[in-house]
Amino acid sequence: MANIKSAKKRVRLNEEQRVKNQAFKSSMRTAIKEFEKKLDNQDVEGAKAVFLLAEQKVDKAVSKGLIHKNTAARKKSQMERKLNQATAS
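Count along the sequence shown from 1, add 2, and you get the number used in the numbering used here.
Hints are computed from structural coordinates only; laboratory data are not their basis. Keep in mind the model is a prediction, meaning the values are calculated, not measured. Accuracy of the hints is not assured; some may be wrong.
The following label-pair restraints were derived from C-beta to C-beta distances [what the hints assert, rightly or not]:
id: 1; residue 1: K84; residue 2: V64; range: 40 to 46 Å
id: 2; residue 1: K71; residue 2: S8; range: 29 to 35 Å
id: 3; residue 1: E17; residue 2: D61; range: 25 to 31 Å
Under the rule of at most 20 Å between Cα atoms (straight-line distance), these lysine-lysine pairs were calculated in the PhoX-like manner [claimed, not checked]:
id: 4; residue 1: K22; residue 2: K11
id: 5; residue 1: K66; residue 2: K84
id: 6; residue 1: K27; residue 2: K62
id: 7; residue 1: K22; residue 2: K50
id: 8; residue 1: K59; residue 2: K78
id: 9; residue 1: K78; residue 2: K50
id: 10; residue 1: K66; residue 2: K40
id: 11; residue 1: K84; residue 2: K40
id: 12; residue 1: K39; residue 2: K27
id: 13; residue 1: K77; residue 2: K40
id: 14; residue 1: K84; residue 2: K59
id: 15; residue 1: K62; residue 2: K35
id: 16; residue 1: K50; residue 2: K39
id: 17; residue 1: K59; residue 2: K77
The beta-carbon is built from N, C-alpha and C at its ideal position, and this holds for glycine as well.
Produce the complete structure using the sequences and hints provided.
As structure tokens, then:
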């Protein structure tokens, strides 16, 4: 356990940030799953709306430093490809 006042504060703040980051990453993953669920149910219009939300959350996660920009690009590309395939068929 930390003895110095500033070290104690860092421990406390790190825990608070960890919880916030975990919650945001969870909401990002949930948005992606919701998008895939809409596509599975053949709801292309609903999937388009959810796609925009999921894309925003992925971009926000990059700006917060929660995921790498290449990971975000891959996730967005995969979603875009699935959406285009569903729209074409």
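Comparing the hints with the structure gives:
1. The hint said 40 to 46 Å for the Cβ distance between K84 and V64, and at roughly 20 Å that hint is violated.
2. Checked against the given bound of 29 to 35 Å, the beta carbons of K71 and S8, roughly 32 Å apart, stay inside it.
3. Checking the proposed 25 to 31 Å range against E17 and D61 shows it holds: the Cβ atoms sit about 26 Å from each other.
4. Straight-line distance between C-alpha atoms of K22 and K11 comes to about 17 Å, which keeps the hinted pair within the 20 Å bound.
5. Between the alpha carbons of K66 and K84 the distance comes to roughly 26 Å, so the proposed pair goes past 20 Å and is violated.
6. About 10 Å separates the Cα atoms of K27 and K62, which keeps this hinted pair within 20 Å; it holds.
7. Proximity of K22 to K50 is assessed by CA-CA distance (about 27 Å); at most 20 Å being required, the pair is judged violated.
8. Our distance criterion of 20 Å between C-alpha atoms is met by K59 and K78, whose separation comes to about 10 Å.
9. Note on K78 and K50: the hinted pairing holds, with a Cα-Cα distance of about 13 Å set against a maximum of 20 Å.
10. Of the pairs offered as hints, the one joining K66 and K40 is violated, with about 27 Å between alpha carbons and a cut-off of 20 Å exceeded.
11. Under the criterion of a C-alpha separation no larger than 20 Å, the hint pairing K84 with K40 is consistent with the structure, at around 11 Å.
12. The straight-line distance between the Cα atoms of K39 and K27 is roughly 18 Å, inside the 20 Å bound, and the hint therefore holds.
13. Distance hint between K77 and K40 is fulfilled; the C-alpha atoms sit about 17 Å from each other, no more than 20 Å.
14. Distance hint between K84 and K59 is fulfilled; the C-alpha atoms sit about 18 Å from each other, no more than 20 Å.
15. Proximity of K62 to K35 is assessed by CA-CA distance (about 17 Å); at most 20 Å being required, the pair is judged to hold.
16. The hinted pair formed by K50 and K39 meets the criterion: a straight-line CA distance of about 12 Å does not exceed 20 Å.
17. Using a Cα cut-off of 20 Å, the hinted pair K59 and K77 holds, with the two alpha carbons roughly 11 Å apart.
Hint check: violations occur at hints 1, 5, 7 and 10; the rest are consistent with the structure.
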